[in-house]
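Engineer: Read off the chains here:
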Amino acid sequence: MISLLRQLYPLNRHLVGNDNEKALQMIKMELGDLTIHKYPTGMQCWTWRIPEKWEITSSYIECENGQRFGEFEKHPLHVVTYSLPVDKTVLREELDLHLHTNEKQPDAIPYVTKYYERDWGFCLAKKDIDQLSGKNFKVFIDAMHVPGELLVGEYTIQGESDQIVIVVTNICHPAQVNDSISGVVTAVDLIKILKKGSLHYTYKFLFLPETIGSVAWMSQNESLIPRIYCGLFFEMLGNDNDHLLQHSFEGNTKIDKIALHVLGQKTENFRATEFRKGPASDEMIFDGPGINKPMINLSRFPYPEYHTSMDSPEIINEENLKESRDILCDIILILDRDRIPVPKFKGPVFLSGYGMWIHWEENRCKNSTIPVNEDNAYLRNIALDYIMILINGYRSIFEIYNALKEKSNFPVELDFVYNFMGRIRQL
Amino acid sequence: MISLLRQLYPLNRHLVGNDNEKALQMIKMELGDLTIHKYPTGMQCWTWRIPEKWEITSSYIECENGQRFGEFEKHPLHVVTYSLPVDKTVLREELDLHLHTNEKQPDAIPYVTKYYERDWGFCLAKKDIDQLSGKNFKVFIDAMHVPGELLVGEYTIQGESDQIVIVVTNICHPAQVNDSISGVVTAVDLIKILKKGSLHYTYKFLFLPETIGSVAWMSQNESLIPRIYCGLFFEMLGNDNDHLLQHSFEGNTKIDKIALHVLGQKTENFRATEFRKGPASDEMIFDGPGINKPMINLSRFPYPEYHTSMDSPEIINEENLKESRDILCDIILILDRDRIPVPKFKGPVFLSGYGMWIHWEENRCKNSTIPVNEDNAYLRNIALDYIMILINGYRSIFEIYNALKEKSNFPVELDFVYNFMGRIRQL
Amino acid sequence: MISLLRQLYPLNRHLVGNDNEKALQMIKMELGDLTIHKYPTGMQCWTWRIPEKWEITSSYIECENGQRFGEFEKHPLHVVTYSLPVDKTVLREELDLHLHTNEKQPDAIPYVTKYYERDWGFCLAKKDIDQLSGKNFKVFIDAMHVPGELLVGEYTIQGESDQIVIVVTNICHPAQVNDSISGVVTAVDLIKILKKGSLHYTYKFLFLPETIGSVAWMSQNESLIPRIYCGLFFEMLGNDNDHLLQHSFEGNTKIDKIALHVLGQKTENFRATEFRKGPASDEMIFDGPGINKPMINLSRFPYPEYHTSMDSPEIINEENLKESRDILCDIILILDRDRIPVPKFKGPVFLSGYGMWIHWEENRCKNSTIPVNEDNAYLRNIALDYIMILINGYRSIFEIYNALKEKSNFPVELDFVYNFMGRIRQL
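Chains as they are written, first to last, in this note's numbering: chain A, 2 to 428; chain B, 2 to 428; chain C, 2 to 428.
It cannot be assumed that every hint is accurate.
A pair counts as met if it fits within one copy or between any two copies, since identical chains are not told apart.
[What the hints assert, rightly or not] BS3-like cross-link-like pairs, simulated, lysine-lysine; straight-line CA separation at most 30 Å:
id : residue 1 : residue 2
1  : 278       : 347
2  : 406       : 278
3  : 267       : 347
4  : 406       : 255
5  : 193       : 345
6  : 115       : 345
It should be emphasised that the hints constitute simulated quantities derived from the structure, not laboratory data.
So here's chain A without its partners, still in its complex pose (with noise of 0.2 Å):
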């Protein structure tokens, strides 16, 4: 994951322009295929509209001691993102207007952008800020906002069913890896593993500009909304930090209770927080009025270097992206595989004449080919009459496992459901 990585971060990233391009294109090299969809300027989408293409080149603060400051050429952050083009001298009450810094983070430039302000602006670390001397400043930003497209680049595996799940992260952010260049490697490493398999649902990967990237998509695929069963957004999954679970709109959906499961079982620590409290996103069009399919968000959020020139490739550790996407996987697998199981038997089941019965007396597995931890035979026992009865023909069998939790907390894996499940299909 790492080489891509450091390919894709140093790119200028943003809504529409040339790195954007190139930056799904070499996404597309690594997966051998990727379908790219054009929207261009102007375009109506929705209540939206397709921005300009932003293209820079050059740009500079020169003091009156011909010291130079903010050079994009020695980082894309120093120029607020889509700012207008600039060539004049400035008095420093004026210049202070259009100056961004993180009082926090002295040594790092900002992240800003005016997308739709019509403004210029630097963006400077603290530390140059306070070297600006004098009383006159020549400002230059060579930049120029021209009619282009505004790219997206979806991935499709297609599974048994036409019900398709929706999995999505940023290509935008320049310059900046965690947020969120890791979650598109993250993306790209779930495909190929995912794709290695036969699925149940169909995946529909989409790497895209935060926000306008998801309404462009949406809004013409409305036809696809029936299809759509739920999502997963992530990004920021590098960084030292426990996961944070950003839930769904309606906070306790399948993908929900599936997420909460194996971040409790995969994970030591982990938070979780209602729909747009995390690090709101892409979710707000899937998950968002006239759409209203549950898709999660998952993260490392907080971190202190976010939305700064410190989001580097430094603070990436490759075994939390692994983790992320370990957790992922699990995510999609569970879900993938759930099915409801339909009652064949009435009555209980004669589990003692085919094997399966839990001495609870004992604490003791008796003449059982079921695995059991001992100290929970009795509670196991129960838990099989239990699952018995709750296989009522409309409860999959992710949503029997959580009906055992939930009714009285069984000390029992999601397996031992699975495991179950299995033997008595035959009967």
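Starting from the structure of chain A, add chains B and C where the hints point.
Structural biologist: Positioned in the frame of chain A, the structure of chains B and C alone reads:
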């Protein structure tokens, strides 16, 4: 309000009597109009019967020494309301069976009724009872039970909808003022305010004797039941006490929630109690068997002078009446203006494009014309996302506001929701 | 109850055997009538099969010194129920694999079954095991597995409705008395009491061996399933312990609530537990997969002599049996008499007019013939209002009573509700 109150309170207002008609004529004079319904004695109203008219001219208890007590001419409460006539000499033992007093308020004449018990009786202050002397007492009550008509005053403000909001106050309780003339004058003021504007619902204000008045009117207007949406009852609003909200039977209907909201906004303190656990009154008809329309009951109950001769103009504070009137007016107007917005947009609204975006990061309103409390910009930003989703075609604006509170206690005002709703209506 | 109990308990009652028939004949004698169903060995009942008949005449373990232990003639529990026959000499190591004891009760012979495992075995008190000496042991069990018939006794009390309440007790557990002959004799007494009166539901009392007996009967009477309303199971009612109510699977059905109500009224203390977490038994069939009729399970579980030779008449207290019988009788009668009152009146009932009004102010019953607890007059007055509203055409009397408790914990008894209901029926 005070001058109407001073006119109305001295009357011997009870179930059926001449003073009830006088009271309704005074209200009609004040309002310019009032429909007066008449229900004759003996008329069957559901399981009830309209009682006889009761008139009294004079009464006394005369001791052997010629001293007189319990003179009706001195105070109407001296005679048990609906007392039988009496004219005989009795021993103290017999007299005691017909004497009523209030040990806790030794200077006050208590208020006692025997509507359906066919007995005679006097009500005396404890200090008067202590002065009764001798063995024999002449007891005299010149009262009569004759056929008459129970009167109900109805004032209708026609709204654009035929759905009805019922507003009920009581005209009974002889020579008492807080209970419940304070409610009558508040209703009169509300009518004057509300009829100036244009309203959605149709409002029916009822001025009637407690319980039997509502039973009579509702039983003779059964065809209106399907059109009744909800109701408000109020009384005892002039004394110095916090408001007491008595909930409807269901307890969590829209009128309950709006009342809680307004009381929370407009008062320092208030109390709330379950159905019938405050000053139980006419809600038992409208929110009762076979009708079942939610009716709240607002008062400042209890107060020490309740149901005695000390419930007089001295305990009425006009500021209290005005505060209660304003609260009732707010409740009605929020209810009246509440509408279900129909979402016209799909996807999240392009807030930045319409100058409605609240910037969360810098904790300030960036390029936005929505007024915000600076400290809460982050949560207000998220609240807009939630609102956009909560507009789903079946939630009203107040319900959206309430869902924001219940889901996550967002620090936004009802006006914030209204303001946003007004702005996106044009999209 | 004690004399029937003394007759029944010594029998070697298990799944299929001659003593099961003797037991059912004794019950039939006591009741005057009993239908005995017969299900032959090998018969398929859902996923189960009727086991073979097991008969045993003699057994012993003989030490080298001629001393004998484990003699069936001395106590039926000395041989594992359904043990294979054996007749050979074994070393101590092999013997130990077939010996069962209870370390916690060193003087007691434990109760062990091997219904479906095809093994031989002895059960000895710990103190006997300590006396086994020598190297070689002669082991002898004269038992046989032959075709037979599983027997189920059914006693029906026909009510006016075809809806069925199932009452189940177990006839198995050889030579033990609390488990579960105490349940059998309680059921016999209940039948004698209930058949005297006229009942709404039809009651089917089943006397059967645990689990397989219910599986056999229910699988051969599937047409009755739609007519079953709910069920009661009980056992272990003679020992000194509080009652334990094991709830139905749903846990909050009417029979659950009635049982909680009666136990709350009639006992100082009782315990309640979830489905299958008490003495799990035949509720797993009637409240189990495909049947799903709520069945409660009442016992005084646990007790130290459980599943040992010490479960003998000495631990039975007849007063306990009578108390349990009375509780079960109350549960059944409240269930049986519960009806949905149909409201005939509209508006609140004219309580004063019918002598039913409870005066709240003076804390006494004024002109009322409804007996009231003086202290609670205020809340009882309000309770009548709530009852009038709760009579809505779909709530039963017990449900109205329960709603009064759940809504606001009104201090009224079930009889108060019944009394009021009887009086307003005439209006």
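Engineer: When the structure is checked against the list of hints, which entries are broken? Sort them ascending.
Structural biologist: When the structure is compared with the hints, numbers 3, 5 turn out to be violated.
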